[in-house]
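**Student:** Chain A is already provided as a structure; the job is to place chains B, C and D on it using the hints.
As a plain string of letters, each chain reads:
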Amino acid sequence: MSAAVSTQLLDVISGAILLTAVLTLWRRDLAAIIRLLAIQGVLIAGLALLLGINEHNTELYLAALGVLILKAIVLPTILRRVLADSGEVRETAPLVNVTSSLLAAAGLTLLAYVLSGPLVALAPSAATRALPVGIAVVLLGFFMLVTRRRALSQVIGFLLLDNGITTTAFLATSGVPLVVELGVSLDVLLVVLVLQIVAARMRMAFGSTDLDGLSGLRD
Amino acid sequence: MLRLLRTMRRVGRIAVPAPPSPDVSSQDSPTAEPLPWSGSLQIRHVDAGSCNGCEIEIGAAFGPVYDAERYGARLVPSPRHADALLVTGPVTRNMADPLRITYEATPAPKRVIALGDCARNCGAFAGAYGVEGPVSDIIPVDVEVPGCPPSPEAIVDALRGLTGR
Amino acid sequence: MTLVDVGLALVAGGALAGALVIALIPRHVRPLISGLVTAGVGVGGVLAGVGGLSGAAWTRVAPGLLPLGEARLSVDALSGVFLLLVGAVAIAAGIYGIGYTADAPHHENPAGSRTTQATVPLFVASMLFVPAAASVTTLLVVWELMALTSLVLVLTEHRLRPSVRDAGLWYGGMTHAGLVAIMTGLVVFAADAGGETFEALRAGAADLSPAMRSTVFVLVLIGFGAKAGLVPLHVWLPRAHPEAPSHVSALMSAAMVALGIYGLIRVGFDLLGGGPRWWGLLVLTIGAVSALFGVLQASVATDLKRLLAYSTTENVGLMAIGIGAAGVFAADGNRALAGVLMAAALLHALNHAAFKTVLFLGAGSVLRATGLRDLDALGGLVRRMPLTTALFGIGALGAAALPPGNGFVSEWVLLQGLIHSVSEGVAASPVVAVSIPVAVGVVALTAGLGVATFVKAFGVGFLAQPRSTAAATAIESPMPMRVGMGVAAASCAVLAVAPALVGGSLDRVLNVLPEVRDTAPLADSAVTLRLAGIQGSMSPLLITVGLVLSAVLVAVVVRRLAGSAPRRVVGVWANGGPERNSRQELTATSFAEPLTRVFDDVLRPEHDIDVTPYAESAYLIESVTFRQRVPDRLEAAMYPPLLATVESWGRWSRRLANGRVHRYLAYGFIGLLVALIVVAVTS
Amino acid sequence: MSAQETVFAVAAAGIQVAVVVMGAPYLTGLMRQVRARMEGRAGAGVGQPVRDLRKLFHKEATRPEGTSVVFVAAPLVMLASAVFLAAVIPFVTTVAAVGGVSDLFAVVAVLLLGTVALALAGLDTGTAFGGIGASREVTIVALVEPTILLAIFALSVRVGSSDLADIVAGTLASPAHVLSPASLLAAVAFAVVIIAEAGRLPVDNPSTHLELTMVHEAMVLEYSGRDLAMVELAASMRLALLLGLGVNLFAPWGVATTLAPLALLLGIVMLIVKVALVGVALAVLEVFMAKLRLFRVPELLAGSLLFALLAVAASYFLA
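Protein chains in written order, with the numbering used here: chain A, 1 to 219; chain B, 1001 to 1165; chain C, 2001 to 2683; chain D, 3001 to 3319.
Pulled out of the complex, with its shape left as it was, chain A reads as follows (with noise of 0.2 Å):
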């Protein structure tokens, strides 16, 4: 593969990887976010494949077939099944609404341009000139998960958060060691276990997993 014309598929799918983190915030429909996860999950797992084709790097490929199956199929297999037992189906009344969000996460991507700046110029090269897809991703993870009611929704801003360090790591550092990356992963697996039977007692205890009702809890 030519140096131009991989480099021209990484800047494809770095900004293909920010299109769906975008979308999340788009959309309302809880099903079509966890899709938009998924295919997000496939685009990180190419863009290791490409790092590893370019870099000739075994361990990238079995990261890459790791992110695959993790990211792209397990979780948001369990996503499905959450959102299939608690019958909520649209994230209703998000705390900033859409037009606000979808304003916010242009600043957030232009802060992130902003910060990998001084980054990029320490390596430059055409990975890490998409570095800041990577913290943009990070940024809109974190903005999810504080604006966002409904607990699914949660997990997924978690989510995005994870697929943002994933995707920064690659494209830093050609990839964290692999044993450090299933260690993250299977950390965030246990993580979105227990938020869901977390959420699954939330919709007991209270009939909704709408988190304002936690606030009833406090002392």
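Bear in mind the hints are in silico, worked out from the structure with no lab data behind them. Glycine included, C-beta positions come from ideal geometry on N, C-alpha and C. Check the hints yourself; a few may be wrong.
Stated by the list, open to error - Residues on chain A that point at chain D, a partial pick, calculated with CB under 10 Å:
hint: 1; residue: Leu25
hint: 2; residue: Ala31
hint: 3; residue: Leu95
hint: 4; residue: Val96
hint: 5; residue: Asn97
hint: 6; residue: Ser101
hint: 7; residue: Ala106
hint: 8; residue: Thr109
**Tutor:** Chains B, C and D only, in chain A's frame:
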């Protein structure tokens, strides 16, 4: 979206094949001549007091099965855009003036279709206290479509008589 | 004797002699004389401006004229362009004033009073001397004169409406706060530079410490920003401009506000010689916020003159965006781009002066004919006042930044300057890379909302059916008012189709500001506007001609195809209803309702709904009253706390003033001692 | 440019106008036909809008009492702006007779002029629906504007100019750029803009009969005869212009860079083919869409603004 697409492919074309063009001379009304510059007929529908039976049939005539639009007929939201008024129901007292105003608002050349027995001769409502009279008492009628309610085929035939297609 | 001599002599002599004459003559001839004098002073300004723009530097010193020193005047191209601007506005406003200030048959026009009529030429003259002033003292004196005369004019109708007094208070407060800021800044500057003439300041600026330069810049930015109506110092505009007589509103909004911009350019780029990048970013940010906030308030305003006042904040914001971006690029060493952006700001100042004059004069004609400023009660004026409507339309086209209007031209140059901030392969600094796209977005949203604003002002105010008897019985304004508006509208038209004509002049202006000049920003070409240093060309003339040709072509073809039978006049289609009722029409409030809802979070409008049922039953409703008020949220958030603080200081300081003369003398003595000790310690 | 070339260039502009004026109604007809077929109907045929227009031109024109010259002039302004744009946008060739008219900002502004003329006419009738339509239209216009200008910004970075001819020629010279993230994001943003400006689903439903849901239609309720014909023709021309602009910005292949007759012919054929393809795609997509609530439209536009902003950011940082 995929589901919808599959449905579309399964159903395919549901419009019935177009029957041969009706013979204009066989219409009930002698004045039913096609408009100049035929092939296009914009219609403003006026419900002058109908029981909504005719409306259901109009809906059917413009639905996918009879597809009156294929002959160049189209319902429009303003009499200014219209070539023909499609009037249903006996004209009630409250609708007599609006009907006149609507007729006045339609640019020439224009045609009026009285649709259904009520519009032609007040049908079952003849002599009722709230009824002013048939459409022809209020504005000049060019085409009459009998029936209570008229069948979609009859409506389509009447429209084709005006579009000339 | 140069053109500038003649012009400024005409300004000074005309204004002083004219004011004296006006004060002595009887009431019924005052409008004519005052109008002619004002226009004459304006002609003097235009002459001086043309002289200044022709390039030769001009300086005159009058020692001993001012109490503390000499009066120093100097006119260069930068002064020239603002002299021209103020002079031209004064000509239109002066002619207009002949009709506007005349008494109506049965009641006295407050704008015809002796004070007001004599003050108008003085106000114009003091404005004209601001760009000509060439020393700190001179500038401050004429600046204060301008502030005082305009304050007198704002208060003209104070007997009619209490809101005028309120407006005067706000205006006086803001303008003096601004004066204090300018004075502090310039005096500190002069003290450090070792001289108070502009030459001395220019020479001494380089030796100032960066902190001192920045202090001076921020202080003058506050002072001139308050005069220019930049957010958050804009609060006086939407109060004072609606309450002043309309020809004065035009002078204030089109000319005086531009002098704030003049001051900023003069001190920031000329005297201080440019500065670090954050100056530019600061001005850019303030400009962007002003543009957006101004247009947002304008788009939901229902008072025509208040709408125009907020639109002034918007347009000044656009100028500030240009100046700020020019500062950023000048600091980065990209002088070609900085030149284009500065040219855009100056061109926009000219365009804004032209269309805002038309609009305020038009609003004045409406006010005079109907007694109304409320768009919700206007309408249908196109039949009663056709010429006023047409002229207002020209102004609105310019203000909406649509081709072939004049506002479009300067916004195009501004956008071109902004979008060429990066070219392929050249990595821009992150700050620029973020702020410039956001600025483009702001300019674009401003343009879009500007369209909505002026469709509302023109469509609701002048078209459709009258919404009140006052609007239904309006009569067209007298000849001088129409001529005054016509002059301004004609200059709009010239600027709209042939902006390339001013290219040479703008280049000479930029020669004064070497920081932002590389080559002539608008290459000289009569037909097409070509930008120097960047790839961009647009021909307003050809676009206008093309549109007209297309319209003729379409008209001819349609006539051939469809004939030219006259249209049958019919009743309005009201869905079969009997007749149209002007209560069915959209009002300005309802027209702006979707925008109000979209920007609900920012505007936070206040609603009052009163439902009055019939006495017989609570379920039968007799009437529903709906009122909406969109308060200025920035003002509400910032000023009450500030005023409360000031008030508490005032209460505290009252303890100092207990009425004993001894104590007052003691304050003076202590003050003197402190000053002496400071001098002793520091020297 | 020699005299002969100028004549050729003027002729090319004339050809563009002729193609757009003749082709636009057929494009509308094609899109309606595609929609009808997908709904299982037979459809009125591709030529139906032409028949409608022919009839409308010969019908009586009316003018509501109490309207001003604005009401009469608005269709003329709208159609004239569309004709002007058909002449100056480089659809068939990038060689223009005169410079300085095909700047993208100016093109967008002239398009806006037509919109504003119609909005004023809607207000001028003094009816509730005309006013509502005008109010909604300018609201949408105000919110679309930032997206358009930012998308233009993103596109102009590549070639260092916002002149359409330069952008098209630049893309022709280096076609790989079309697949860059900046270009793709700008394309998405521009697609939303086209939908909003042309009044298509999900922003506006061009075939609605219900006044309360109308935007564009509500403003033209009072027009009849030749005035209505002009408005309808202008509306289809605007759709054709926007689609043509879209395809030429992102897929300019076939546009002639010379004035050779064969190249011009190819340009015309390619233009028709490309616009027809995009039109069909748009019509197919519309079948699956419902109209958005008016107050959900800002969400869509904020999304497109975000894309445009990202496109600009990408063109800065990934360049």
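**Student:** Quick one: which hint numbers does this structure break? Sort them smallest to largest.
**Tutor:** 2, 3 and 4
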